[in-house]
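So the protein lines, in turn, are chains Z and V.
All the letters of the first sequence, read from the start, carry residue numbers 1 to 827 under our numbering.
All the letters of the second sequence, read from the start, carry residue numbers 828 to 1654 under our numbering.
Keep in mind that the hints were calculated from the coordinates and are not lab data.
Yeah, the Cβ is synthetic: ideal placement off N, Cα and C, and Gly gets one too.
Any given hint might turn out to be false.
[Said to hold, decoys possible] Taking beta-carbon pairs under 7 Å as the criterion, some of the chain Z residues facing chain V (in silico): (1) E410; (2) N440; (3) H460; (4) R573; (5) H701.
[As the list claims (entries may be wrong)] Chain V stretches covered by chain Z per the calculated footprint, using a threshold of three residues with CB under 8 Å from any CB of chain Z: (6) 1229 to 1243; (7) 1502 to 1514.
2 protein chains.
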Amino acid sequence: MSPLLLLRRYNSRRFSFPYPPFHTLFSTVSTPPPLSLSSPTFTIWGANTGVGKTLVSTGLSISVLSSLQSLLYLKPLQTGYPLDSDSRFVFRKVLDQLRLANCTNSVVASNQILIASRSANELGGCSHEEVKVNGRQSEEVRLECKTLYAWREAVGPHLAAEREGLMVQDEVVRDVLGRFLGPQSRDGDGSEWRLIETAGGVASPGPTGTLQCDLYRPLRLPGVLVGDGRLGGISTTISAYESLVLRGYDVPVVIFEDNGLSNEVALLSYLKKRVPVLVLPPIPKDPYDNLTDWFLDSASVFTSLQDELLLFHSRRVERLKDMPKKAKDLFWWPFTQHDLVPENSITVIDSRCAESFSIYKVKDGKEAIIPQFDACASWWTQGPDLSLQTELARDVGYSASRYGHVMFPENVYEPALRCAELLLDGVGKGWASRVYYSDNGSTAVEIALKMAFRKFLHDHSSFLTSQMNILNGTDLQLKVLALTGGYHGDTLGAMEAQSPSAYTGFFQQPWYSGRGIFLEPPTVFFTNGKWNLSVPDSLVSDNLSSENQPSFGFRADIFCRSRDSSTIADMYRAYICQQLSLNSGPNQGTFIGALLIEPVIQGAGGMNMIDPLFQRILVSECKKCRIPVIFDEVFTGFWRLGRESAAELLGCHPDIACYAKLMTGGLIPLAATLATEDVFQVFRGTSKLRALLHGHSYSAHALGCTATAKAVQWFKDPRTNANIDSSGTQLKELWDGETINKISSLPNVKRIVSIGTVCAIELEAEGSDAGYASQYATSLIRQLRDDGIYMRPLGNVIYLMCGPCTSIDICTHQLNKVYERILAFDS
Amino acid sequence: MSPLLLLRRYNSRRFSFPYPPFHTLFSTVSTPPPLSLSSPTFTIWGANTGVGKTLVSTGLSISVLSSLQSLLYLKPLQTGYPLDSDSRFVFRKVLDQLRLANCTNSVVASNQILIASRSANELGGCSHEEVKVNGRQSEEVRLECKTLYAWREAVGPHLAAEREGLMVQDEVVRDVLGRFLGPQSRDGDGSEWRLIETAGGVASPGPTGTLQCDLYRPLRLPGVLVGDGRLGGISTTISAYESLVLRGYDVPVVIFEDNGLSNEVALLSYLKKRVPVLVLPPIPKDPYDNLTDWFLDSASVFTSLQDELLLFHSRRVERLKDMPKKAKDLFWWPFTQHDLVPENSITVIDSRCAESFSIYKVKDGKEAIIPQFDACASWWTQGPDLSLQTELARDVGYSASRYGHVMFPENVYEPALRCAELLLDGVGKGWASRVYYSDNGSTAVEIALKMAFRKFLHDHSSFLTSQMNILNGTDLQLKVLALTGGYHGDTLGAMEAQSPSAYTGFFQQPWYSGRGIFLEPPTVFFTNGKWNLSVPDSLVSDNLSSENQPSFGFRADIFCRSRDSSTIADMYRAYICQQLSLNSGPNQGTFIGALLIEPVIQGAGGMNMIDPLFQRILVSECKKCRIPVIFDEVFTGFWRLGRESAAELLGCHPDIACYAKLMTGGLIPLAATLATEDVFQVFRGTSKLRALLHGHSYSAHALGCTATAKAVQWFKDPRTNANIDSSGTQLKELWDGETINKISSLPNVKRIVSIGTVCAIELEAEGSDAGYASQYATSLIRQLRDDGIYMRPLGNVIYLMCGPCTSIDICTHQLNKVYERILAFDS
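Construct the entire structure; sequences and hints are all you get.
Written as structure tokens, this is what we have:
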């Protein structure tokens, strides 16, 4: 037995603490804390309460320390304190066993209770004890045990917190944990292990009532599941495992106490080769047994546990390290010049949590998982906050099991129907009566064009027949009326509706010819503290010289219906009528068969805000000519611009509209083309050949419809989306007006468009620095990535994009970082 | 107290039993049994063992009987018998309480143990007791309690079954249950309730070791979850709930015993408005307490339970009933002439289970959920057996929680990388080195064409430059070489590669021009017991008159490489070379920039099998001319034709190939275009404009990649797919040769193509009865639906399609039904 050299023990309510006081750690910006990967770090989960989590923590700690490695044991939430203290148990028991085993190395062990509720404090309170055991060798390992929060009553932390008045917000628990787990937190040499032991079962509530599996999700630490070896334990173990899996956790090992029921057979069969199952000897039931022999008997099992965990950890890190090279070798990224992507600039995304990626990063030689705000809302699709992400996961899991994918035509099933009901009662309200499902924005647009052309041919059939013998199509050219700078997708039909651009050159698609009449639209943008209107020369009439173009104090003024009777309105109308008659008619052999616009904002074109007045008049003039109107709301739909649809902002209805991206909450591809009953009627008849013969295998797939049904409701419900304003129809202003003002006045900023979830900033740039292929913003983007913002520029346009539920605090936080960087930016 | 009128009780190993003996019920065709919807039917699940499932069953039974309704209580699996018998407990306790309550109606109650293990039998065995209690009114209600299988040891059924030698296959348990739950099983007037009480927790194993939540999944009965009110019970209850949800079950109510911990608060918060939570008074712990008072105290809770369940049931049935009308009103189905779909022909799909839909059906006035074999493999996407379906659900749930959707370009994350590795090591093995992700077959083809054209322009650039001033594209027409009858998707670019058809007319897509050189290919098919070759007249040379076209005894002969040196091969080669030089060159102003074919089988074109020799020569001649070769394997890939790729059947490699449909296991849309490194290299350079600028928001979405990684491995692993033959590279023959032979000789059958998972039968039809818009097969399809086969014809071509893992028994079973119906078919 090693001699006991030093034993300090004291109880106090105040003690020296190496970290900043906790109360300063509270933040509403709930980004996951950075996590070091140098140390194997694992959560200890339980299939139920009382299954032996602390014994597993203890056994594993003994094993780790015996192999000359240090260990940090954290118990974030302890109830029943001070009678029960898992960190104290681990601390004492590990020391006992190490002494017994005559451990070769020296051990410095401590146990610390950081914050206790008043009643717990009265009975013992915060304490700190520290012990050093000298071993035969001078090598020293550390065992630090810490309880972060302790309550007296032996009930769930949610009850204890309420009853004892020590409430801790989820973010605080995570931030405090993060202090111990981050890359900066320790000077360790990488040989330190870290265990976080949860309280109760995997889904037992934390102090605020948030389930622990949800509470700790932003950290997404891999976990050991301590199963239940008793009768019924197969079921609770498997279910607990599934709750963890359903939250995106990895569970590298299941371990449980043998109760003679061979539960491992069923568990192994369920887990297949995925997860090893370890069985511990029966735990003595005698409360006076000090478990010394049990730990000795269990030593080999804990060694296996340690080995399995280490294997998992090193494989994980190895894989993360290899991923950039593999990606460069195997992927063909869209829209990407591979030669411009050095291996070290590839982002390895380990997971996402609400608005943030968790990425793998090596900094100063230290490997870590760090958060990055997903400022491109992963290409404009994202909407979920953390709760919605979890609910979507459960809902699509359900839907995958209940339906998988089933045939849609001539059939009906709940998700497809529910989704259609919600779309028609939401974005389609007041005009649409039919839902046509497809897979993405591009297919939705191709479908919309097919609908519109048929409707046009039908509505004008007697004219067309009387004028020309063109109904066989050979002599008739149908074109689409669209705007320059528009973008509708990358399949050929959608491309044809796009004005010539970098995307449409002969080398990109030799079949592209540009079958549109493309009008150059007037735009509005924010600069130097006000909204300005920019009317292209082609459109300017004598009434309005480019000098006296109006500006607006508030964004709302731009949308104001009173503008409909302005001089500018007349000018727009005249121009549009002229263009319609110039480009369409029997003399030209060409007819405009559809109007296709992105309402309010052109996304891919560079976040251009089109004067809504111009679009409104365009719609109304086309309707007069019985030209079907298509709104491409793929980007703008579902609160992207602060309203459920951008059509609401324009104040007019289309005949056909396309939706995708945010529709599924940002989870999976699904698109819908909505149409009026008038459009639908044209396709009815006695022959199948009259039907719209366009479809995709996964039409109306159940998972997409399920996700859509959930997301559409979530976004608009003030109970789930705190951003819905009191009118219930629009989002609160997410981007801080003052900061926007300041940015708009910076000399290197050309314009800003901030509306809804979008805040786009065009940087001043000349020549080849401007435009789609520009690398101008590269260094700024790199700096912002260091700040934890993941941006992708559109040439010299950078943007922040959030989800409809993103908290204003998060937006402000990111916007400030952007402001600071632009302020200092000198390309 | 009502007088006890009649009490019969006997024990016996043999007794009269109204259903056929169980041993005849075994079947390997594991289709879910039909379920009547006339009776409210619920499973009673437990969050753990010992949480009071039987008390809930009893209380609910009392409540139901008190409201003058009959009830059938089933305990499928009972261990610890005869000491424990839940059905006996329910039987006795309900009677006791009803007598006590002086119930007004008469009750005939019985309890029956149907099958007991030998050791259970020795101790008490099968028994049947029946009691009649006369009430004050003559109305009579029935309480039937039945234990289906009983074992002596009080352990899990999987252990008891093994130890006591009474093993019951999963199918048998389900079939036996089905006997009691089917629409034909009772003469009830719809006022009968049915409860099925499970054993242990939701994921406790059944006799074969299959977890009960999986075992009962094909029935997908809604269930009451009996939660756990103890410490830790929030966690086990939520996890159990999630295990049920993750298997597609509906859980209309959670109920649990109060233990003073207010677990309902956390449960309600978790369940939001979705599910009511009921709390039962504490159960007396005294084992001598007969619970009489407890049941009286709990009566109102059980009344609420009954009300909630009834509400759920009636809402469910109401919704199912309304769905066809709503579908007609709101949907716009693809490829569907709505006027040809009467409301009563709309299929309401309640769920899918492996190869079968469960559909809602009213027959003879009775509402039921009945199975239908999904013979169109939901448009050629389906692959999962029941295990794979469950695994996919868990995996996509995990992926949704871990990643949601994250940005792909310039990034890497595990599912996208893993998926790419598996594709390149599978369908891309030996030729491909890059994976380009998109959303569906159509987009994958558009991407492939863009790749091929660029490669062509690159490879021929010096020639093109020297010959003509065409590199600006204005003078240069690029076309695709393709086959008539081919189909590559419905977006314009993919349509252009399709020969003119019903899909491409001016009214379908006025922009279609058909930018292909379309060759009419020779086909092979099975008729009158042999495989025949049919060479189109345009191709027949003097060497081969249409009379002496060869036939083949075995399908393998068609693929035999020795044919490469045959006369026919020479003829093919000459024809192809002639066509290439005729249609491409500076004189024509047109170049063939790509070859695009569906290898071996043209799907949408009518399940035509193209002579593989012809395709092989086509590929080789195009490669000689440096025309990039694209295989559209969207339909044929991933074992659809018995090999992982159809390219393997052809025995040659493409430069580019497209995959989708089966790739994700049939769960969600995802597509991949694979390419050689040579193709990729052409897009490298210093400018972004040289990159392939085509993409979709959900490129490489995590859920799709996750599902693909699982499915691709599952299909090819002999441990998960019993259909993989000993070579490990192909599927066993799934369609019974003898039956195929018989069908091929029927007078109303023109041809058969059976290969891999496909068995297509063209019916003899003339004129308008043939072709895509034909309604010829309608009545046959209707008959087959009565037989439980859900087919969609391609005009006069009908087909059975299964997944790569579908058991041969299922295939044989369906094929026989088809044979019988065609035999009797007289359009």
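To see whether the hints hold, each was checked on the structure:
1. E410: Because about 5 Å separates E410 of chain Z from the closest Cβ in chain V, which is inside the 7 Å limit, the hint holds.
2. N440: holds (5 Å)
3. H460: violated (13 Å)
4. R573: At about 28 Å, which exceeds the 7 Å cut-off, the nearest Cβ of chain V leaves the hint on R573 of chain Z violated.
5. H701: Cβ of H701 of chain Z sits 6 Å from chain V, so the hint holds.
6. 1229 to 1243: holds (count 14)
7. 1502 to 1514: Contact hint for the region 1502 to 1514 of chain V vs chain Z: holds, 7 residues under 8 Å.
Of the hints listed earlier, those the structure fails to meet are numbers 3, 4, in rising order.
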